[in-house]
Amino acid sequence: MSEIRTPRLLLRPWHDDDLVPMADINSDPQVMRWIDDGAVRDLDHTAEDIERWEEEWDEEGFGLFAVELLASGELAGFTGLSVPEFLPEVLPAVAISWRLGSQFWGQGYASEAAQATLEFALQDRGLDRVISINQIGDNASENISRKLGMVPEKVTAHPVYGYPLRVHSIDLTEFEA
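Residue 146 in the UniProt record's numbering sits at position 146 of the sequence shown, with consecutive numbering throughout.
Simulated from the structure, these hints should not be mistaken for lab results. Virtual Cβ for every residue (Gly too), placed ideally from N, Cα, C. Just so you know, not all the hints are guaranteed correct.
So the derived label-pair ranges between C-beta atoms look like this [to be verified]:
no. : residue 1 : residue 2 : range
1   : P92       : V151      : 13 to 21 angstroms
2   : N143      : R8        : 30 to 38 angstroms
3   : L70       : P159      : 34 to 42 angstroms
Generate coordinates for the entire structure from the input sequences, incorporating the hints supplied.
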C-alpha cells in the first residue's frame, strides 16, 4: 500500500491504533447522516470495515487510506478508492470517497485528500475514469466532487434505501486538461 503526502496530510495504511478514533468518527450521527441508512457504527463494525478496506488493497491494488494530520498525528478519517458494488448499474467503475470527523470539516482537508487520491487513481494506478456517488442533499460532498473537476453524470436511486444519488465522473483526459 502506498503513502501520499500533501501539504497538511498523510494518506497512509491503517494502523492498529486507528480503530478507536475511526470508531469515534463512525459513531457521530452528523458524520453518518449521508451514509447508507444513516445509522452510526460501533467499534466492532468499524473493525470489520477497516479489515475489508485492507483486503481491498490486496485484491484491487487500491483502497481507502487512513488520513492523518501531519501537524498533530491525529486520524482525521479516510479517503480512497473502492469498487461500488452496492450500485451495479455503474459497474465497472471505481469510486472515490471520503469520511472525516466533524471536527475536521470546513478546513479543506477532505478536498486536499480527495485531490491527492484522484491523482493517485489516474496517474499512479492507471485508471482512465473515476466516479463519486453522493446522496442528493449532501452539499458538502457535492462541492468536493465539483472541486475535483467531476461533472454530474446521472441521478439514480440507492438500490436498498431508495433515496436519490448523483453520480459524478471524471476521466483522464478531463483531468489532464
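We went through each hint and held it up to the structure:
1. P92 with V151: 13 to 21 angstroms: Holds, at about 19 angstroms.
2. N143 with R8: 30 to 38 angstroms: With a Cβ separation near 19 angstroms, N143 and R8 fall outside 30 to 38 angstroms, so the hint is violated.
3. L70 with P159: 34 to 42 angstroms: For P159 against L70, whose Cβ atoms are near 39 angstroms apart, the range 34 to 42 angstroms holds.
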